[in-house]
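Trainee: From first to last, the protein sequence lines are chains G and W.
Residue numbers for the first sequence, in the numbering used here: 2 to 312.
Residue numbers for the second sequence, in the numbering used here: 2 to 312.
No wet-lab data here; the hints were simulated from the structure.
Heads up, a few of these hints could be off.
Identical copies look the same in the list; a pair holds intra-copy or inter-copy alike.
Stated by the list, open to error - Derived lysine-lysine pairs resembling DSSO-like cross-links, with alpha carbons at most 27 Å apart:
hint	residue 1	residue 2
1	K15	K65
2	K107	K32
3	K244	K4
4	K217	K197
5	K197	K288
6	K88	K32
7	K15	K32
8	K116	K32
There are 2 protein chains.
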Amino acid sequence: MEKQELLDCHQRIKPFIHRTAVLSSQSINNKLGLNVFFKCENFQRAGAYKMRGATNAILQLSQKERNKGVVTHSSGNFAQAVSLAAKSLNVKAHIVMPTSAPQVKKIGVAAYGGKIYECEPTLRAREENANRLVAELGATLLHPSNDLDVIIGQGTAAIELLEEVPNLNTIFCPVGGGGLIAGSALAAMYFGKDCKVYGGEPFEADDAYRSLQSGKIEGNKSTNTIADGLKTTLGNTNFPIIKEHVNGIIRVTEEEIISAMRLVWERMKIIIEPSSAVTLAALIRDKENFQNQDVGIIISGGNVDLQNLPF
Amino acid sequence: MEKQELLDCHQRIKPFIHRTAVLSSQSINNKLGLNVFFKCENFQRAGAYKMRGATNAILQLSQKERNKGVVTHSSGNFAQAVSLAAKSLNVKAHIVMPTSAPQVKKIGVAAYGGKIYECEPTLRAREENANRLVAELGATLLHPSNDLDVIIGQGTAAIELLEEVPNLNTIFCPVGGGGLIAGSALAAMYFGKDCKVYGGEPFEADDAYRSLQSGKIEGNKSTNTIADGLKTTLGNTNFPIIKEHVNGIIRVTEEEIISAMRLVWERMKIIIEPSSAVTLAALIRDKENFQNQDVGIIISGGNVDLQNLPF
Chain G
2 MEKQELLDCH
12 QRIKPFIHRT
22 AVLSSQSINN
32 KLGLNVFFKC
42 ENFQRAGAYK
52 MRGATNAILQ
62 LSQKERNKGV
72 VTHSSGNFAQ
82 AVSLAAKSLN
92 VKAHIVMPTS
102 APQVKKIGVA
112 AYGGKIYECE
122 PTLRAREENA
132 NRLVAELGAT
142 LLHPSNDLDV
152 IIGQGTAAIE
162 LLEEVPNLNT
172 IFCPVGGGGL
182 IAGSALAAMY
192 FGKDCKVYGG
202 EPFEADDAYR
212 SLQSGKIEGN
222 KSTNTIADGL
232 KTTLGNTNFP
242 IIKEHVNGII
252 RVTEEEIISA
262 MRLVWERMKI
272 IIEPSSAVTL
282 AALIRDKENF
292 QNQDVGIIIS
302 GGNVDLQNLP
312 F
Chain W
2 MEKQELLDCH
12 QRIKPFIHRT
22 AVLSSQSINN
32 KLGLNVFFKC
42 ENFQRAGAYK
52 MRGATNAILQ
62 LSQKERNKGV
72 VTHSSGNFAQ
82 AVSLAAKSLN
92 VKAHIVMPTS
102 APQVKKIGVA
112 AYGGKIYECE
122 PTLRAREENA
132 NRLVAELGAT
142 LLHPSNDLDV
152 IIGQGTAAIE
162 LLEEVPNLNT
172 IFCPVGGGGL
182 IAGSALAAMY
192 FGKDCKVYGG
202 EPFEADDAYR
212 SLQSGKIEGN
222 KSTNTIADGL
232 KTTLGNTNFP
242 IIKEHVNGII
252 RVTEEEIISA
262 MRLVWERMKI
272 IIEPSSAVTL
282 AALIRDKENF
292 QNQDVGIIIS
302 GGNVDLQNLP
312 F
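Please put together the full structure from these sequences, using the hints given.
Mentor: So, in structure tokens, the structure goes:
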């Protein structure tokens, strides 16, 4: 992985993504004793950073591959992102979604022209259904987090954040499948100035924390978390990057996630989804270790079911 | 009123306010057939544009006046703004609030150090209580909307919006007491290029619409609206400005307000209060008259009680 590959990716996807705002809150900074810079990927097209990786992955396909369409499985945000990215590039998107995916995300996929195939809410069912579609259609499988083109694409959010705040001491990312934090870690290495990278993860889906402890990819013991985007596990492409470049993963309770989510809604007046609140919750839990630092947080998305809020 | 007075005011208050973001939504633009530029005063300090006028009014007081404190009456956002602006300038703030004011706004006032005096939810009770405090304390009354320093201060949001989007065809403001739309109309006249100004108002509190029809200040026949910031009536300082410079007022139903509020929450991922959704609702209702225009909307605030959402 070369620095130039990240720069090329950023240039490649620029016409298809928003350069999202970086926001701060004086009251949150005062409360924490440090400066937080929120990279607002909830303002990204399709409402999440996943648009970056999805766009990059599709742009890397040949015209022949594009003609046969793309397939993915996702609980929501990557599904919407692939649907919209594919639509922008005139490619057909086939989306395997677990029946448990939030209704608002299914509506989003359908609105962006993605064709939905529902399946049982297990990783195995998702993968089987996706593989079947690949075999039947000759379409290309886009993995939401364990594909190098996707990982690099996701890292462009951190590139932009570091362009605006070059001296960040630390970047926090949520950890689900590992694509965002792997990409962000590469960006921090190439574009930061000794910029550390930490992950936030629910205790209820702490596979990445335990994977870093054991040194091999661990599954989730439970996925009973409100952070519906963080139920997936790491992959063999992103795990080596995470193992080498991520400085630590901080786990948080469900109450801490909801409290951090509410804090952002009330103080910053922006809508973030529970998976995005995990990072601020992690920073709050461990704030003593980051006093007076400049900390970046990738707000991963804002696709919330307004009918089903935790407060 | 001179152009220079608005510029001086903007310079004067700059150290105490945020320069808020201007956001757009491709999907809302496509839906409406025009380009909307949202000036996000929900991101302003204390969560609303009112911080601008409050700061300017207090900065115009002598030190002797500041020592005796300031008094205001407000259903919420101006109360919070005066409390915070006063605190920043080491001035004591006495705030008369109707018992019907949202809990979240009372909490905000208290958090910013304002002293709350509760009263009956009528304009008369509010004014009587405020006048009593002025008499007792020798403090200065700050009117939330009918004070020229306040009006000019509120106009600085439109100045910033026009700095970023100089060729706006139209600016939409919500109309409550009339301070924001009067200030915005002055800003549009001095800094716009033939920029029109329209107001949005609930049918349930349409005093400004009827005042422009009759040519004199009318009261509200009802104030049964979710837009709690728009229940007040115009004043003799702002009405002449509105009469001369505002191009029209568009009334909307409660359903249209809630629908527009939801649209912004879902598509833009920002939290706006019902009073702020009135403008987009008005633009949607009358969109045929603004096709292909560049339209600015002042998003007035984001102080919503999350426990009491209309959807």
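Trainee: Could you figure out if K197 and K288 sit no more than 27 Å apart (CA to CA) within one copy, between two copies, both or neither?
Mentor: Within one copy, since 15 Å is at most 27 Å while 49 Å is not.
Trainee: With identical chains, the pair K15 and K32 could be close in the same copy or across copies; at 27 Å between alpha carbons, which is it: within, between, both, or neither?
Mentor: Between copies only: 24 Å across chains, 35 Å inside a chain, cut-off 27 Å.
Trainee: Please sort K217 with K197 into within, between, both or neither, judging by C-alpha distance up to 27 Å.
Mentor: within (22 Å within a copy, 63 Å between copies)
Trainee: Is the C-alpha distance from K88 to K32 at most 27 Å within one copy, between copies, in both cases, or in neither?
Mentor: Intra 43 Å, inter 18 Å, cutoff 27 Å: inter-copy only.
Trainee: When no copy is specified for K107 and K32, does a C-alpha distance of 27 Å or less occur within a copy, between copies, both, or neither?
Mentor: Answer is between: at 20 Å across copies they meet the 27 Å cutoff, but 37 Å inside does not.
Trainee: When no copy is named, should K116 and K32 be tagged within, between, both, or neither for a Cα gap of at most 27 Å?
Mentor: Between. Shortest inter-copy distance 23 Å satisfies the 27 Å Cα cut-off; intra-copy 45 Å does not.
Trainee: Using 27 Å as the alpha carbon limit, work out where K244 and K4 are close: within a copy, between copies, both or neither.
Mentor: within (19 Å within a copy, 60 Å between copies)
Trainee: Using 27 Å as the alpha carbon limit, work out where K15 and K65 are close: within a copy, between copies, both or neither.
Mentor: within (23 Å within a copy, 56 Å between copies)
The structure meets every hint from the earlier list without exception.
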